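Trainee: Here is what each chain is made of, one letter per residue.
Protein chains: 2
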Amino acid sequence: MVVVRSKVLESVRQWRSVKTKTPIIGIDDGGFDRFSEEKRKVPVFGVVMKGAAYVDGIIQSQLERDDSQATKILTNMISASSHKPQIRAIFLQGVTIAGFGIIDIHHLWRMTTIPVIVVLRKYPNYQKIQSALEKVFDDNQVRWETIKRAGEPIKVQKNPQIFLQTAGISLENAFQLIKKCTVVGTIPEALRIAHFIGASRFRFLND
Amino acid sequence: MVVVRSKVLESVRQWRSVKTKTPIIGIDDGGFDRFSEEKRKVPVFGVVMKGAAYVDGIIQSQLERDDSQATKILTNMISASSHKPQIRAIFLQGVTIAGFGIIDIHHLWRMTTIPVIVVLRKYPNYQKIQSALEKVFDDNQVRWETIKRAGEPIKVQKNPQIFLQTAGISLENAFQLIKKCTVVGTIPEALRIAHFIGASRFRFLND
Chain V
0 MVVVRSKVLE
10 SVRQWRSVKT
20 KTPIIGIDDG
30 GFDRFSEEKR
40 KVPVFGVVMK
50 GAAYVDGIIQ
60 SQLERDDSQA
70 TKILTNMISA
80 SSHKPQIRAI
90 FLQGVTIAGF
100 GIIDIHHLWR
110 MTTIPVIVVL
120 RKYPNYQKIQ
130 SALEKVFDDN
140 QVRWETIKRA
150 GEPIKVQKNP
160 QIFLQTAGIS
170 LENAFQLIKK
180 CTVVGTIPEA
190 LRIAHFIGAS
200 RFRFLND
Chain R
0 MVVVRSKVLE
10 SVRQWRSVKT
20 KTPIIGIDDG
30 GFDRFSEEKR
40 KVPVFGVVMK
50 GAAYVDGIIQ
60 SQLERDDSQA
70 TKILTNMISA
80 SSHKPQIRAI
90 FLQGVTIAGF
100 GIIDIHHLWR
110 MTTIPVIVVL
120 RKYPNYQKIQ
130 SALEKVFDDN
140 QVRWETIKRA
150 GEPIKVQKNP
160 QIFLQTAGIS
170 LENAFQLIKK
180 CTVVGTIPEA
190 LRIAHFIGAS
200 RFRFLND
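Quick note, the sequences are listed as chains V and R, same order.
Taking numbering that gives the first Met the number 0, the leading residue of the first sequence gets 0, the next gets one more, and so forth.
Taking numbering that gives the first Met the number 0, the leading residue of the second sequence gets 0, the next gets one more, and so forth.
Next up, chain V with everything else stripped away, as it sits in the complex (with noise of 0.2 Å):
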């Protein structure tokens, strides 16, 4: 894959210092059937911490699944809500949400002006993606190209494996900030948090 550095990148300046107790949000979806024609609805969630000290607040929107709208979505979950002026990053688990609704990592940074950050703990295997969306939807050259745009996961950390990219933000700094916002594991715990939450709504998805 060719690494796309966009120019906003290039231009990103050095945190000052990473404070233990930074403002972040946390993105995860929610589980959701991919067959069912009728429920097509997907919930997000954000959980908002300082650092990985306490929980400040939980948002929610939701999105179609593949929603061709995920950047614009979740750039509006993240505006209306009263925390934004806080929140100093903005975590994702991956450049996809809600099955193949892809966030454009720069567009989420330059919209809400807070950097994006995606930890990935192992290389996606950007083939089978590639070749996924071929197979499934008309404007799949779109989405992947927005795939693209997110740049090269670069390995910050061998063991166990980290890699990030970044939007509006250094790698040096992301790193240090992950560090910050993790309690066990190499996740942060606003992103564990939002998994939990968006796994333990699946059971209910269909009551």
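In short, the hints are calculated from the structure, not lab data.
Note that the structure is predicted; figures quoted are calculated from it, not measured.
Be a bit skeptical, because a hint or two may be false.
For each label pair, taking beta carbons as the anchor points, the in silico distance ranges come out as [stated by the list, open to error]: (1) R/R109 to V/E37: 38 to 46 Å; (2) R/P84 to V/E37: 48 to 56 Å; (3) V/Y125 to R/Q13: 53 to 61 Å; (4) V/E36 to R/Q13: 29 to 37 Å; (5) R/V183 to V/T185: 19 to 27 Å; (6) V/E171 to R/E151: 52 to 60 Å; (7) V/F34 to R/N139: 32 to 40 Å.
Calculated Cβ distances over 10 Å to all of chain V for the following chain R residues [what the hints assert, rightly or not]: (8) V11; (9) R15; (10) A52; (11) Q59; (12) R87; (13) Q129; (14) I153; (15) F162.
Even for Gly, the Cβ is constructed at its ideal location relative to N, Cα and C.
Starting from the known structure of chain V, fit chain R onto it as the hints suggest.
Mentor: Below, chain R without anything else, positioned relative to chain V:
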């Protein structure tokens, strides 16, 4: 109100020590519509944490509004969880849930063998509760007796005020544990997160 102390409560043994990362669960309900005839389901969330340090899992169940089976549903929710063997205490924000669903905390303790701690920021207005029950429920006497069975809320801290009701744990141990499980303010983090999840969900109830 007459103080009711069950015999089991008297027989509670002191904990040898109250550890910082004691596994506990905080339970709260999600928002619901008081008046809708069709929408009578209320979600309930249990946040499993290691003390105040990090979340270990989130479980979910649901009740009817004013569910007369509240104690049984919470018992089942906890018993069905893979986290159950670890959990050392159940935190509640009151003995009512999903409207006037009444939790029999001593029964919940006996059925789960996990001590129950109710954390209140103000002394309940029992007169108001009793008269509301009388107006609405044929079985108001049963509900009222269950509320009384939780025992008198005891003030354990003056500023800010905290009152506790306990089952299966001494007041002293309960208060020590609460302090270990609280990061900000007076409410254990697991209860705060459960509350945030419930609150975030409300907007989407009618979708």
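Trainee: Taking the earlier hints as the rules, which of them does this structure contradict?
Mentor: 2, 4, 7, 10, 11
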